[in-house]
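Asker: Using the sequences provided together with the hints, build the complete structure.
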Amino acid sequence: MSISRSIKDLDWPLVIITLLLCALGVLQIYSATAMTKWQDAWWKQLIWVGTGLVMMWVVAQLDYHTLLSRVFVLYAGVIGLLIATAFIGNKVFGSTRWIHVAGFTLQTSEFVKIVLILLAAKFLSDLKVKTLEWGDIAKLAALVAVPMVLVMKQPDLGTSLTFLPILICGILMAGVRWRHLLIIAGVLLVVAPIGYHFLKPYQKDRLVSFINPDHDPKGSGFQVIQSKIAVGNGGIWGRGAKESSQTHLGFLPVPHTDFIFSSFAEEHGFAGIIIALVLYFLLIMQIVQSAQTATDNAGLYICMGVAALLLFHVLVNVGMVVGRMPVTGIPLPLMSSGGSNTWSVFLMLGLVNSVRSRRVLD
Amino acid sequence: MALLESERHRSDEVSSERLLRDDPKAAAGKIAVFQYLAIAVFIFLVSGFWKLQVQNSDVYSEAAERNRIKSTPILAGRGKILDRDGRVIVDNKASYSLLLSRDQMKWEHLPAIAEALQLDYEELANKIRRLNSRPQIIIKDNLSRDEIAFVESHRDASTYPEMELIRSWRRQYPQDGFAAHVSGYVGEISEGELDEPAFLDYHQGDIVGKDGIEREYDSTLRGIDGQQRVMVDNMGRERRIQEPQEAIPGKDLKLTLDLDLQAVAELSMEGKRGAVVALNPRNGEVLAMVSRPTFDPNKFTGRISRADWSEIASDPYKPLLNRVTQAQLAPGSTFKPIMGIAGLESGVIDATTDFHCAGGASFYGHYFACHLKGGHGNIELHRAIAQSCDVYFYNVGNRLGIDRIAHYADIAGIGHKTGIDLPNETQGTMPSTKWKLRMSRQKWYAGETISVSIGQGAVTVSPLQIASALGGLSVGGVWYKPHLVKKEAPVVLRRANFNPENLQQVISGMCAVVNEGGTGRAAALPDVTVCGKTGTAQLAATEKTKGAGLKSSMANNAWFVAFAPRENPEIVVAALFENGVESYNAVPIVRDVLKAYFDKKARESAARAQRQETSLMPGPLFNFAIYRTMAALKVELPEGFRR
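Protein chains in written order, with our numbering: chain A, 174 to 535; chain B, 8 to 650.
Be careful, since some hints might not be right.
[As the list claims (entries may be wrong)] Taking lysine to aspartate or glutamate pairs in the EDC-like style, the calculated list, with each CA pair at most 20 Å apart, reads:
1. 37/B - 306/A
2. 415/A - 589/B
3. 210/A - 245/B
4. 415/A - 72/B
5. 77/B - 416/A
6. 380/B - 589/B
In case anyone wonders, no lab produced these hints; they're calculated from the structure.
What you are looking at is a predicted structure, and each value in this text was computed from that prediction instead of being measured.
Answerer: This is the structure in structure tokens:
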């Protein structure tokens with residue numbers, strides 16, 4: 174009885190939107206990888222989505238307060254995991270991000286996001302103040318900075334940057350003085366050019382190529398140029414599944430992972446991307462609605478953290494596809510092929526459901 | 008179940024403890040800001056897609072097409088240029104060219120490629136930069152065996168994948184500049200030409216006719232290149248070969264030129280500077296056309312090297328100039344037949360009018376000499392033409408006045424382009440009072456008329472103009488448009504209503520030039536009555552420059568214009584021998600051409616009569632080569648070919 178009640182309590186509009194996006198993703202992975210060495214990626218993705226759904230349901234059953242009360246254990250756990258990854262992880266494309274667990278290859282940094290969302294929610298809701306003081310901001314920033322630095326060292330700049338929206342959204346939601354905000358913005362503006370010098374050469378290339386893609390069209394600008402060609406080639410109605418030359422003749426890099434939306438845009442055109450983007454927008458708004466109806470600030474912080482993270486992912490990934498964001502190599506949630514990110518997103522949606530099922534009903 | 012129930016209950020209790028939200032109002036505004044931010048993000052993204060997929064979709068579709076379709080041109084051969092009997096003058100030879108694909112190209116490969124193919128690196132780099140609109144650039148034509156081997160062994164993906172061999176056609180012109188001014192030459196289209204409306208459907212790097220027939224009939228001779236399109240993947244592997252779009256070769260062009268006659272004309276100009284042209288005065292067909300010095304158009308085929316070009320362009324004797332249509336020189340005494348008809352037609356003289364020649368005469372306070380110092384005594388038109396008496400024509404000119412001379416010269420075509428189908432023809436000059444007013448805002452002085460009367464002074468003509476002018480007189484005062492390519496019907500430029508008797512007076516004078524011991528007696532042929540007029544034209548009219556020494560470049564030009572047969576002219580030949588000193592030096596040139604023409608005619612009619620002559624005769628180009636070799640070896644040449 175309680176099970177059936179909890180199923181009824183699930184945020185069904187959210188689940189349906191999620192599944193629609195996953196369906197678009199699986200179909201696109203199928204189309205983009207047909208006749209390539211990745212041609213079995215689509216059913217793997219189906220398994221990720223199926224198991225992800227179960228994970229979401231399990232998390233939805235848990236009271237998020239239980240998780241919040243143990244968040245520092247979780248935090249210590251993921252830090253340990255990141256350190257372990259550095260030692261026992263697999264090196265792929267010059268970067269150590271993955272570990273083998275029971276036959277799966279997991280990207281540990283993806284799960285750090287969930288813990289950071291919980292951590293920010295716990296930390297900020299415990300303060301019970303209207304506006305944050307410097308000390309609070311510094312403490313939270315320091316807590317986020319530790320895994321960020323670890324992930325950056327892998328090196329994986331893209332994923333480490335996805336921790337920032339969690340931090341920023343949390344601080345803004347908890348309330349911050351305008352003066353503090355301006356000072357933080359000022360400091361970031363000064364630090365950014367210095368940070369540029371610590372980037373790896375390929376990361377610098379990506380930034381330069383973002384500003385001027387024709388700088389080196391055969392090199393780092395190649396992906397952006399090819400992605401834009403693919404998108405533009407789609408036109409209004411798209412080239413049709415498997416009819417897309419950019420995707421199928423290999424001009425588009427990784428058309429089933431980071432550039433899946435580019436391949437989708439080539440095959441389904443402007444009409445297709447409008448549908449997909451509207452789904453993403455509804456997904457985020459549905460999560461925001463859960464934030465609005467949350468019983469307490471902790472629930473609100475969790476939902477807003479998830480919403481901000483997803484918005485950031487969509488902005489950076491899709492922005493990259495149309496050449497409006499630099500190439501950072503972060504996946505498009507729910508559509509890109511890959512287990513860790515899919516699971517991570519479903520776990521976050523589980524948290525949102527957990528908050529929602531305990532909401533205040535007006 | 009019970010456990011779950013109780014847990015549920017407890018969690019409800021926990022929730023009820025916090026039934027009131029911590030501060031619901033405080034967060035509402037911030038959440039709204041987030042929602043607006045999300046809307047802004049999505050608008051930002053959608054606008055990106057709008058720009059790529061809706062506004063500029065065609066640009067990116069083309070880019071995608073360029074990505075996946077590798078197209079190699081299939082070059083179309085130009086049409087051949089044939090003589091009037093269909094013998095080949097300009098041909099094509101199959102060869103290989105090297106194509107460079109821009110999208111595969113790496114600048115650091117260029118020095119090695121340039122070195123292997125013996126190209127100047129700077130020149131090559133400039134060319135690649137210049138032809139920036141072309142996806143593929145032909146960088147070398149007519150590859151040698153070694154160069155083909157180099158390309159074949161280095162064009163793989165890991166070495167120089169930008170190189171590609173394609174079959175091409177090399178334009179093959181006769182050796183030693185034979186008929187070079189008629190054929191002209193081809194070259195890469197220039198930036199200036201690309202801007203002209205006539206070259207609208209041409210592209211950077213296209214080969215285009217630059218001069219002569221090649222230029223005039225470029226649209227006929229030029230074919231349409233085809234394309235071989237192959238679908239490739241990102242590694243350049245061929246996925247699917249599409250049906251080729253075949254090249255359409257250009258059309259062959261038959262000229263009115265007669266190779267036999269041309270060969271003789273070429274030989275007769277050997278070692279001289281000047282020009283010869285042979286026309287059929289009855290329809291304007293050009294039978295032979297030679298200009299000296301000449302150039303080798305083979306050096307220009309396609310892509311001329313800078314060194315070759317500057318050598319030809321800086322030659323002070325301007326070998327590229329087609330002297331037949333572009334020289335503008337004083338006609339000298341060859342102008343006198345026109346004076347004769349002007350005098351007769353206007354009535355200032357008749358056949359019996361005579362003037363006294365004492366070796367010179369004074370007009371308007373100046374003394375004008377006759378070329379015969381001792382004088383011709385009393386002389387009338389017939390003898391005046393035959394002996395080329397200057398004093399006689401001074402008087403005729405004086406009676407006519409410049410404007411009446413100009414009127415008749417105009418009818419004969421002096422001062423007008425003939426309209427021949429070759430580029431850049433010059434129009435020469437026929438002075439008149441109006442002309443002088445227009446050119447220098449000055450009044451015409453009667454004294455100037457005296458020089459014009461003997462073809463000096465301001466009057467200038469091209470060899471083609473004077474041939475056409477006298478040819479028109481020879482056929483009764485009809486001028487046909489000279490042409491090298493036969494059109495539907497000959498075009499009549501002008502028709503004069505001359506008294507046939509007057510015309511006969513002039514023609515009999517010209518007949519006497521050749522047949523009655525006149526200045527052109529060397530042109531006489533045994534079976535055909537040749538009529539003609541010589542000319543010795545001074546280059547500098549003033550005494551001062553004449554006294555500056557008899558440098559060869561200041562020596563008089565020799566002219567001879569002749570037609571035959573007298574009664575029913577079929578051919579008119581004009582020869583200009585620059586710095587030939589005396590007019591009789593130009594006579595053998597014309598004689599050789601006339602003789603060749605009538606010999607061939609006799610041969611052909613004999614052959615027609617017998618109907619069984621075997622065609623073992625070597626071709627004219629072969630003959631030309633043999634004669635050249637004999638001349639070089641200083642072997643005694645047949646009479647007709649001696650200077």
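Asker: Checking against the hints above, which ones are violated?
Answerer: Structure breaks hint 2 only.
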